[in-house]
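A.B. asks: Each chain is listed here by its residues.
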Amino acid sequence: MLSVERVYKGYSRGGQPMGVLEDVSFEVVPGEVVAIVGSRLEGKTTLLKIAAGLEYPDEGSVTLGAQELTDIQDRCRSRLLGDEIVWINRDGPRLKVKVSKFVGWPLALHGCGRRGAERAAAQALERVGARECAGRLWGDLSNWQRVLVGLARAFAGNPRIVVIDDLLDALGSRGTEEASDLLRTLVEASNPRCGVLMSTSDVESALFADRVWSLTRKGALKLMFGRLTSEGEVIPFPERAESRGHVA
Amino acid sequence: MPAFSSGKLTPQMMVLGLVIQQQDTASGVARRLDDQFASARFPKSSAYNNMRGLAGKGYLRLVEKGVEPSLDRYEATSEGIEVFRGWLRHTELPPVVCDALQCKLEFLEREDLVALIRIVREEERAYTAAFAAAQLEVKAEQRLRRARGKPVDFNTRLRGIQKQDEAKLWGLMAKRLQCLGDELEEFLDEISAAGAG
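The listed protein sequences correspond, in order, to chains A and B.
All residue numbers for the first sequence refer to the numbering used here, where the first residue is 1 and numbers rise by one.
All residue numbers for the second sequence refer to the numbering used here, where the first residue is 1 and numbers rise by one.
If we strip away everything but chain B, and leave its shape as in the complex, we get (with noise of 0.2 Å):
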């Protein structure tokens, strides 16, 4: 299913930004990038695939050979630090909407309006319950800090802005969604009244 695209975002700068945060092998990376972008999705493979294409290029270097492959230790070299510095403080503009409902629509057909309000509300729900997750997490932060007051700790800070910016993501989708459905149905609604007389 997809979801946000702002800018390009490819699992490879992931990968050389969890390398750079610590070394390590590409199973640990593997785990890494499913807690720390559970959202978005990046395949299994793309921490073994992508250590390997980062240490051909230059960006990482062994430091400690593992058992097995996946167990090699990784570290990033000062041109990997370049190049992601360089990804992180540039834009990823032209604004990019890499949305499948949308290119979906582009193909309708009649026949197809039906099973698509069905996938846009199966979506829908499935993105009101990552806004509900989101904002639980928001809600834990929010009466932390109003206990303890608001922390100075620039990580612990940045990762409540972070969670307060992917409810609201989670929460306009689950929106936008809602508002597709309806005027889906009421086109499907207006189309069957047309047809009928």
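Same shape as in the complex, but just chain A (with noise of 0.2 Å):
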């Protein structure tokens, strides 16, 4: 289970400190698909690289199992990175390489080897319906097909948590359906069942999630739909409550 807890970050601005987040607590269960709803600039981004371990927050941990996210070394970081989180978003890979590559990164820097990262990413392209996609680069794919080579990305191994960020945005009602029916097989398909994280600006991409939290201009975390804590019961209106300050 990954499990953010009392997280806070702030920047400056022209010297003046500004709270992005502000007392953040959640959590991803496996199996389960977590989103965040925030408007562009409200920390979203901020938020998922914390809980994917690639940003620090001020104060507050970061737990992934009994690993904790907020302290590793570097090294322990990178390998976990890949291997147990992958972080997909819209930009693709930063170099300009093949598909089949880009998908099987992650597999062969984690002792895969090259030829059984290239096979997985095969089999990952397969199983999303892009093997076509293969050898093609990022820039020369449509959106579509773009989310497709993301979650062949991040499905290719057996991670635990899968964050996306702003992928599965501006599909419209049919593509976010089928996006959504694709994730959810290959969360249900995923062995160990692995959890994913996603955060959106469209309150439609989130209307498939098993939680759907709302980050507000303040920094803080609002529960829209779904339970407070995986131990929890559903809390009823008007008690549905804001999770400002710790939910345990």
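Honestly, the hints are just simulated from the structure, not real lab data.
Please note: incorrect hints may appear among the correct ones.
Said to hold, decoys possible - Residues of chain B clear of chain A, computed beta-carbon distances all greater than 10 Å:
#	residue
1	Q21
2	R89
3	T128
4	F131
5	L172
6	C179
To be verified - Below, a list of computed lysine-lysine pairs in the BS3-like style, where the Cα atoms sit at most 30 Å apart:
#	chain 1	residue 1	chain 2	residue 2
7	B	K44	B	K65
8	B	K104	A	K218
9	B	K163	B	K139
10	B	K65	A	K49
For every residue, glycine included, the Cβ atom is placed at its ideal position computed from N, Cα and C.
Fit the two chains together into the complex; they arrive one by one in their own frames, and the hints show the way.
C.D. replies: Structure, rendered in structure tokens:
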């Protein structure tokens, strides 16, 4: 389980401190899709990067199982990333590489070997119905193909957590429905069962999540749908509450 | 409480549509108005009042007299069907937003601000609860679709699209109210600080 507890993060803008995340707590359990809905510049990507161990919070902790992500050494962190935690967004690879290499990269970096990574990448692309993209470059793909390739990369190995930043936005109703069906199929087929944390600026993309949190302008999280914690009961209106503060 | 308003929507047109779907009594239409358009919250008297009005215009005709007026059974006339199809197939532009909060902001005085923030937060919670309820139905539909494949049946598919759209509307409204509440709270902080300074 991924657990984010009492996280604070701020930046300095024009010499003025600005809070981006204020006492944010949530968790992602295996088999679950958790969506964070927020407008642009509300700190969704910052929150996801902290949850994925790509960025440090100013305060608070992030744990994956028993592993604390906020105080591990860089070598351990890079092993964890791509192996147990996979991050995907709209940007694709930084280098100009073919899709097959991009999809197999995390596996190749983590001891799978070049051949093994190629084989796994081909299988992953086949599984999402994007075999024809293997020899192409990210820049030549349509939005929909990028979603498929992103998901293929995310599930090529056996991640415990897949973090998806804004990838599923602006697909339209049908695209969202198909992407969410595919995502759910991949989660259910994962072994061990992985959890998904995704961000979106579009309520529609969050319609199929098991838990929906809304990130406010003040950097707090409010629960829109689902349970506050994995052990907790669904909290009925009007007790359904803000998550400012610890939600245990 | 205001819900969404995209174009002009009258209970009269909904009553006409329901009687076109099947012959019915005022009491039957009242029940169906409540079931099929729960989120629109049409007044309880809409069915009875409008069926008499529609019959007066020649859009409905009495087919069976009941023991009381609310049990009179009506069917749609060809003229009524034509009027309804005209409404169904034409846009309701220009765009209309009939939103009570927008109007309250127009009349707001400084001393009302705290009360307005409170009602924005109350509405935010109510719309969030409506989003959560609609989301449950969308997810149930998703599970069914994944288990049985995409339905080919027109009505089932259409209801699925309608449910998704409804959940999206509630969610958008909840998010909008959240942003408005945050902005008003920031505004209150600013004017309070300015007043204190």
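A.B. asks: Does each hint fit the structure? Answer for all of them.
C.D. replies: Here is how each hint holds up against the structure:
Every Cβ of chain A is farther than 10 Å from the Cβ of B:Q21; the closest lies at roughly 25 Å, confirming the non-interface assignment. With a least beta-carbon separation of about 21 Å from chain A, B:R89 lies farther than 10 Å from that chain, consistent with its non-interface assignment. Separation of B:T128 from chain A is inadequate, the least Cβ-Cβ distance of about 5 Å not exceeding the 10 Å criterion. Some Cβ of chain A comes within 10 Å of the Cβ of B:F131; the nearest lies about 6 Å off, and the non-interface call is violated.
Interface exclusion of B:L172 from chain A breaks down, the closest Cβ pair being 5 Å apart, not more than 10 Å. At roughly 7 Å from the closest C-beta of chain A, the C-beta of B:C179 falls inside 10 Å, breaking its exclusion from the interface. For the suggested pair B:K44 and B:K65, the alpha carbons sit about 22 Å apart, so the restraint of at most 30 Å is met. Note on B:K104 and A:K218: the hinted pairing holds, with a Cα-Cα distance of about 24 Å set against a maximum of 30 Å.
For a cut-off of 30 Å, the pair hint linking B:K163 to B:K139 stands: about 10 Å separates their Cα positions. Only pairs whose Cα atoms come within 30 Å are accepted, and B:K65 paired with A:K49 is rejected, the gap being roughly 69 Å.
Consistency note: the structure conflicts with the earlier hints numbered 3, 4, 5, 6, 10.
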